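J.: Sequence:
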Amino acid sequence: MRLDDDARLQGKWFNCFEEMERKKAVYFANTDWIDTEVALPGTMKLKDFALHYQNQTGLIERDPKMIKNSFKDDAILGYYNNFEIMKISFFLSPDVRRWVQYIEDTRGIYKYRWGDALLRYLTLAYFAAPGTTLRRADYNLSYCHPC
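Numbered per our numbering, the sequence shown spans residues 1 to 147.
Keep in mind that the hints are not guaranteed to be accurate.
Said to hold, decoys possible - Each computed DSBU-like pair below joins lysine-lysine, with the alpha-carbon atoms no more than 30 Å apart:
| # | residue 1 | residue 2 |
| --- | --- | --- |
| 1 | LYS12 | LYS24 |
| 2 | LYS12 | LYS45 |
| 3 | LYS68 | LYS12 |
| 4 | LYS23 | LYS65 |
| 5 | LYS47 | LYS12 |
Claimed, not checked - Distance ranges between label pairs, derived from CB positions:
| # | residue 1 | residue 2 | range |
| --- | --- | --- | --- |
| 6 | ARG107 | GLN54 | 15 to 23 Å |
| 7 | ALA137 | ILE88 | 19 to 27 Å |
| 8 | ARG135 | ASP95 | 21 to 29 Å |
| 9 | PHE14 | CYS144 | 13 to 21 Å |
| 10 | PRO146 | LYS12 | 34 to 42 Å |
| 11 | ASP116 | TYR139 | 16 to 24 Å |
| 12 | ARG107 | GLY11 | 38 to 46 Å |
| 13 | ILE88 | HIS145 | 18 to 26 Å |
Read the hints as simulated data drawn from the structure, not as lab findings.
What you are looking at is a predicted structure, and each value in this text was computed from that prediction instead of being measured.
Don't be surprised by glycine CBs; every beta carbon is placed ideally from N, CA and C.
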C-alpha cells in the first residue's frame, strides 16, 4: 500500500485488502491522471515504445479497452497513485518483469520522466484481466490531497 505523506484517507473506509481478495483484484487505484506531451516532452514516445514491445513480443493486451483509453493524441492516461494498493506477486510475475525491464532499458524514465502513474496504468492494461483493478471513486471513499 502507498499513501503519500501529503494525502489522507477521510471518513470510514472498509477493509480494501479484503475487498481486493474477494474480487481477485491486483490493484486498487486512486483516480485517473493524464501526462501530456506539452507538459512533459517525450511522453508520447512511451506510446511508440509500448506498441513496439507489443508487436515485438506478440503481447495481446488483457484489457483492450484500457489500452484504447490510455493513448490520446498528445497525452497518456495513468493513475494518480499517491494512494494505491497493489498485489506484489502480480507485479513480480515474469511477464510483467520483462515489460518493466524493457521500459527501463529504453531510458525513457530518465530522459522523459515517464512516471509510475503512466507505467502502472499501462502495466495493468497489458497484463491484468478486466475487472481486477478496483477504483476508489467507484466505492465513494473520501480522500484528500493535498490536505
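J.: Hint by hint, say whether it matches the structure.
T.: Hint check results:
no.	hint	result
1	LYS12 to LYS24	holds (23 Å)
2	LYS12 to LYS45	violated (41 Å)
3	LYS68 to LYS12	violated (35 Å)
4	LYS23 to LYS65	holds (20 Å)
5	LYS47 to LYS12	violated (39 Å)
6	ARG107 to GLN54: 15 to 23 Å	holds (19 Å)
7	ALA137 to ILE88: 19 to 27 Å	holds (24 Å)
8	ARG135 to ASP95: 21 to 29 Å	holds (23 Å)
9	PHE14 to CYS144: 13 to 21 Å	holds (18 Å)
10	PRO146 to LYS12: 34 to 42 Å	violated (22 Å)
11	ASP116 to TYR139: 16 to 24 Å	holds (22 Å)
12	ARG107 to GLY11: 38 to 46 Å	holds (42 Å)
13	ILE88 to HIS145: 18 to 26 Å	holds (24 Å)
In this structure, the hints that do not hold are numbers 2, 3, 5 and 10, in rising order.
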